[in-house]
Amino acid sequence: MSDDDDDGFHVRTIEELHQIRDQALIESAKELEKYDLPSMCIDDMMALFEHACMEQYDTYVDDDLKKYNINYNIMIAVNDELKARGVQARLSLLRFFDHPNLQVRVKAATLTYRVAPEAARRCLDDIAKAGFPDQSLAAGMTLRAIDNGTSMLT
Amino acid sequence: MTAKLRSAAVKIALRYLVKAGMVTADILAPEVMILAGIAIEVADAAYPYVKAYFDPPQTLEELQQAANSPESGYEIHHIVEQATASPDGAEDAQIDSPENLVRIPTAKHWDLNRWYERENEEFGGLSPRDYCKGKSWEERQRVGLEGLREIGVLTP
Numbered sequence: 001m002s003d004d005d006d007d008g009f010h011v012r013t014i015e016e017l018h019q020i021r022d023q024a025l026i027e028s029a030k031e032l033e034k035y036d037l038p039s040m041c042i043d044d045m046m047a048l049f050e051h052a053c054m055e056q057y058d059t060y061v062d063d064d065l066k067k068y069n070i071n072y073n074i075m076i077a078v079n080d081e082l083k084a085r086g087v088q089a090r091l092s093l094l095r096f097f098d099h100p101n102l103q104v105r106v107k108a109a110t111l112t113y114r115v116a117p118e119a120a121r122r123c124l125d126d127i128a129k130a131g132f133p134d135q136s137l138a139a140g141m142t143l144r145a146i147d148n149g150t151s152m153l154t
Numbered sequence: 155m156t157a158k159l160r161s162a163a164v165k166i167a168l169r170y171l172v173k174a175g176m177v178t179a180d181i182l183a184p185e186v187m188i189l190a191g192i193a194i195e196v197a198d199a200a201y202p203y204v205k206a207y208f209d210p211p212q213t214l215e216e217l218q219q220a221a222n223s224p225e226s227g228y229e230i231h232h233i234v235e236q237a238t239a240s241p242d243g244a245e246d247a248q249i250d251s252p253e254n255l256v257r258i259p260t261a262k263h264w265d266l267n268r269w270y271e272r273e274n275e276e277f278g279g280l281s282p283r284d285y286c287k288g289k290s291w292e293e294r295q296r297v298g299l300e301g302l303r304e305i306g307v308l309t310p
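If you're matching them up, the sequences are chains A and B in order. When we follow my numbering, the leftmost residue of the first sequence carries the number 1, and every step to the right adds one. When we follow my numbering, the leftmost residue of the second sequence carries the number 155, and every step to the right adds one.
Hint data in this document are derived by calculation from the structure and do not stem from the laboratory. There could be a bad hint or two in this list.
Listed below are the simulated DSSO-like cross-link pairs for lysine-lysine, each with C-alpha atoms no more than 27 Å apart in a straight line [what the hints assert, rightly or not]: (1) 67/A to 287/B; (2) 158/B to 205/B; (3) 66/A to 205/B; (4) 129/A to 205/B; (5) 173/B to 67/A.
Reference listing, derived: stretches of chain B covered by chain A, where coverage requires no fewer than 3 residues with Cβ under 8 Å from a Cβ of chain A [what the hints assert, rightly or not]: (6) 162-174; (7) 256-266.
Built from N, CA and C at the ideal position, the CB exists for glycine as well.
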């Protein structure tokens, strides 16, 4: 058995990842055209963020990377708008720290880390220690990157 | 059963079992599959994968040694990923050297691969695989070993 074993996972090359990234960029841009983020209220933005994360959560089973990345772009667009509005707007994501969906929780904590580090660390640490497929690895690697100074979170 | 169906069954079972707070001792009991609500045929195919997933962490030497003994439910993993090797082939020998190969539970291999491929705000929006491309061997190895520790395969 090897990395390329067709046992539920295909290891994509960098070129394949770029193709999927480019397709996702086009599709997420189309999706985002439906929204006027600068004029959206916080609650509507939170609903969009939550939905994007839940769509990402579902890609665990079928490994639909394009769907994951489309929703990544939507999530980041919402986060960029929150950043543009300031710290209070960014703190709106705190409401998701006890969300029943792990992906919503881990992304909210990650993107809030720079403005609410203590609460975000507690949230990420709890998820990392729980040993869940997917989200525990993401949470743990985020904390490691922060601690060893390689994190690019802003 | 197709590989896709088996993979989906394993993943669904793992989400259920971790959420239910299962530990290794529970997983060793075959009736746990009934709890997971999985049909017998699917459970038989998924069982080695699910059981391996709950292995306790091992030392790097143990994982490297195990790479010489293929077993159902496990795969050989490259600590420094093949996909990040220099395109001129200069690293091929190092990539396939025994020091870079470990045997890990298949479902954890899927988890790691998935993490490497997804766009990630930690890496400025790049996927970790994209980020690692062109980085030094030591940097890629650091990321690889941290990943193994974080998924509970390698002892801290």
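Please write out, lowest number first, the hints stated earlier that are contradicted by the structure. As far as the earlier hints go, only 3 is violated by this structure.
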